[in-house]
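Colleague: Please model the entire structure based on the sequences and the hints provided.
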Amino acid sequence: MSAAQTAAGPLLAVSGLGKRFGGFVALENIDLTIAEGERVGLIGPNGSGKSTLVNCLCGTLRNETGSVLFDGRPLDGLIAHERTRLGLARSFQLPKPFHTLNLIDNLRVPLLYTVNARPGHSLSDADVRARCEELLQAVALADKARRLPRDLTQVEMRKLELARAVATEPRLLFADEAMAGLSPSEVEEIIAVLLRLNQQGITIVLIEHIMRAVMSFSTRLLVLVAGQKIADGLPQEVMRNPEVERAYLGE
Amino acid sequence: MRTGTFLIAAALVGLAIVVLTRIFFTNEYFFFAAYVVLQYIVLSTAWNILGGYTGYINFGTGAFFAIGAYSSAVLHKLPALLKTFDILIPAVPLPVMIVVGGIVSGIVGLGTGYLTLRLRGVFFAIATLALSVVVQTLIVNWDYVGGSRGIYIIRPAQAPLGGGYIQYLYTLMMALSVISVCIARWIERSRLGLGFAAIRDDELAAEAGGVPTLRLKLIATTLSGALMGMAGAPLPYYVTYLDPGSSFNLAYAVNSVAMPVIGGMTSWVGPIIGAVILGTIQQLATVTISSALNLLIVGVLLILFVIIAPNGIMGLISARQRRRAAIIEAAVQQRQAAA
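Protein chains in written order, with the numbering used here: chain A, 74 to 324; chain B, 194 to 532.
These are calculated hints, taken from the structure and not from any lab test. There's no promise every hint is true.
Unchecked claim - What follows is a list of derived Cβ distance ranges for each label pair:
id	chain 1	residue 1	chain 2	residue 2	range
1	B	Leu208	A	Arg219	29 to 39 Å
2	A	Arg146	B	Ile474	52 to 62 Å
3	A	Gly274	B	Leu397	50 to 60 Å
4	A	Arg219	B	Val493	35 to 45 Å
5	B	Ser511	A	Glu207	24 to 34 Å
6	B	Arg528	A	Asp200	30 to 40 Å
7	B	Arg528	A	Gln227	25 to 35 Å
8	A	Glu261	B	Arg528	27 to 37 Å
9	B	Ala532	A	Thr106	53 to 63 Å
10	B	Ala532	A	Arg146	29 to 39 Å
Said to hold, decoys possible - Residues of chain B placed beyond 10 Å of chain A at every Cβ, according to the derived structure:
id	residue
11	Ile201
12	Phe218
13	Val289
14	Ile300
15	Trp335
16	Tyr345
17	Ile346
18	Ala350
19	Ile376
20	Leu489
Claimed, not checked - Covered stretches of chain A, as calculated for chain B (at least 3 residues, CB under 8 Å):
id	stretch
21	157-164
22	168-174
23	177-186
24	235-242
Being a predicted model, the structure only gives us computed values, none of them experimental. Note that beta-carbon positions come from the ideal geometry of N, C-alpha and C, so glycine has one too.
Modeller: Now the structure itself:
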């Protein structure tokens, strides 16, 4: 496991988490821990509950059972923006840019509402501007700073989505299908961005279908099938797991 | 321009218009008509704070407006009521009524927000429509303010600031217009406005970016409601006979939606343009053709704009600017490539 792991305990600890939609059990009794600095791949077939899990952890949905500890602090009952302020960020499966705001303003939202809302932080207007440009530079969007999101290509939209999540200065980032629908070279670009973020100290959970991307990125794999965690371990070992094979390839 | 500078500039412009019109127009009717146009600047600006900035469509303008009007009616009768308990207070001055009307409507806005803001899109709009019906029913059954019979309000014999009472009302409404436009412009350029825009564009993404969406939406409903109430507070003295039928008139709700849509909802200028154009056309039509034509004009214009220019007049202008900027950018790139 990552050398960056601290002795203080895991960054995220989920125990007994469950979520139902009416009679449908979306997630059942999920236990997992994520250590500081890890790169975790979260995989599973469509409808297995990956995005629901992210939504529960980020406060978009309320889980009925179980509890979530983030850096030793219970998150239960906190709403999404409070969790973001604690350092839990996410990108959305379908990019959700603020479509009437240019790229700079898209990034100013998390900077003003998350970074500046944390105690002891107060970026001046000039700081915010510089930080926006820095963030756009990091994802090669600096020359489109004044454009609206609708002028972006699909891969640029994904990058904006990541940049906006990173702008919150998170400790843990959920990248929810950040590469869906991209070409192989574009997938490489996004992976490179994610690896760089991880090197900067952000723990990353990658939810992804593209196995090549997951295998090259992750130091650990979690597998969800039908709302249950069926495997958790080193990528190569998990892929050899007969249960995982069955879920992916059928009997 | 800084907000403070803008406030001073807007106040000076308002003052100049008031002074000039009061010198050059002797016909009282001008002030009756101009009052209505100014009232719509306040209403459409207030509507736009919630509808344009945060994207929550409110069909309950009539309710907030009437709450302001009726709170003035109550304050108007208050000295007489207190006199029966041997408490003597002087007549409540109109500016105080405006403040009280704003506070009452703001509180109703906050309460409505609390109850309805978990609803999204069309459900929120329906809830605000229902609010109108509920408030109207309450007023109709409240005998102290005249119930469905209505209530006569006798204007004070003396108007402050010289001139007739209608000139006084006109001046007050100009002040309210200046205040509400300054508030709208300040919001637009502040952190609050950025948060509102994020909510309008995508509420989930706004939450994920750390925006406390519920709190911001409550601020929007409160502010919007308060300004609408302030616009309604002088109404009893304007009409001198206040009844539920006219104070809850559908025209207030329709106009305060139509004006920002026609002018453009993303900027503080839009509601002013919409209110001036639509308000003036309506006043002219009332005099020259018939007052029944008003809503027809609004309806036709609204349909035209929704089809041809969904972002309003300001949207047309900014689209043109963007096209020109794109052409210039392309030319610059071409030159760089050639060099």
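Colleague: It remains to establish, for every hint, whether it holds in the given structure.
Modeller: Hint check results:
For Leu208 of chain B and Arg219 of chain A, the Cβ-Cβ distance of about 37 Å falls inside the hinted range of 29 to 39 Å, so the restraint holds. Distance hint for Arg146 of chain A and Ile474 of chain B: a CB-CB separation of about 59 Å, consistent with the stated range 52 to 62 Å. Look at Gly274 of chain A against Leu397 of chain B: about 27 Å separates their beta carbons, and that is not inside 50 to 60 Å. Taking the beta carbon of each, Arg219 of chain A and Val493 of chain B are about 37 Å apart, inside 35 to 45 Å as hinted.
Checking the proposed 24 to 34 Å range against Ser511 of chain B and Glu207 of chain A shows it holds: the Cβ atoms sit about 28 Å from each other. For the pair Arg528 of chain B and Asp200 of chain A, the beta carbons lie near 34 Å from each other, so the given range of 30 to 40 Å is met. Taking the beta carbon of each, Arg528 of chain B and Gln227 of chain A are about 30 Å apart, inside 25 to 35 Å as hinted. Checked against the hint of 27 to 37 Å, the pair Glu261 of chain A and Arg528 of chain B passes, with Cβ atoms roughly 34 Å apart.
Take Ala532 of chain B and Thr106 of chain A: their Cβ atoms lie about 58 Å apart, and the range 53 to 63 Å holds. A hinted range of 29 to 39 Å is violated for the C-beta pair Ala532 of chain B and Arg146 of chain A, which are about 57 Å apart. Annotated as non-interface, Ile201 of chain B keeps its C-beta farther than 10 Å from every C-beta of chain A; the closest such distance is 22 Å. The beta carbon of Phe218 of chain B sits about 41 Å from the closest Cβ of chain A, which is more than 10 Å, so the claim that it is off the interface holds.
Non-interface call for Val289 of chain B relative to chain A: holds, since the shortest CB-CB distance, roughly 37 Å, exceeds 10 Å. The Cβ of Ile300 of chain B sits about 24 Å from the closest Cβ of chain A, beyond the 10 Å cut-off, so the non-interface label holds. Under the 10 Å C-beta cut-off, the non-interface status given to Trp335 of chain B relative to chain A holds; the minimum distance is some 39 Å. Tyr345 of chain B, annotated as away from the interface, keeps every beta carbon of chain A farther than 10 Å; the closest lies near 48 Å.
Non-interface call for Ile346 of chain B relative to chain A: holds, since the shortest CB-CB distance, roughly 44 Å, exceeds 10 Å. Consistency note on Ala350 of chain B: stated as away from chain A, and its beta-carbon is indeed over 10 Å from all of that chain's, at 52 Å minimum. At roughly 20 Å from the closest C-beta of chain A, the C-beta of Ile376 of chain B stays outside 10 Å, upholding its exclusion from the interface. Under the 10 Å C-beta cut-off, the non-interface status given to Leu489 of chain B relative to chain A holds; the minimum distance is some 32 Å.
Counting residues of the stretch 157-164 of chain A whose beta carbon lies closer than 8 Å to any beta carbon of chain B gives 4, which reaches the threshold of three, so the coverage claim holds. With a cut-off of 8 Å between beta carbons, the stretch 168-174 of chain A has 6 residues touching chain B; three or more are needed, and the interface restraint holds. Check result for the stretch 177-186 of chain A against chain B: holds, 6 residues qualifying (beta carbon to beta carbon below 8 Å, three or more required). Here's how the stretch 235-242 of chain A fares: 4 of its residues keep a CB closer than 8 Å to some CB of chain B, so the rule of at least three is met and the hint holds.
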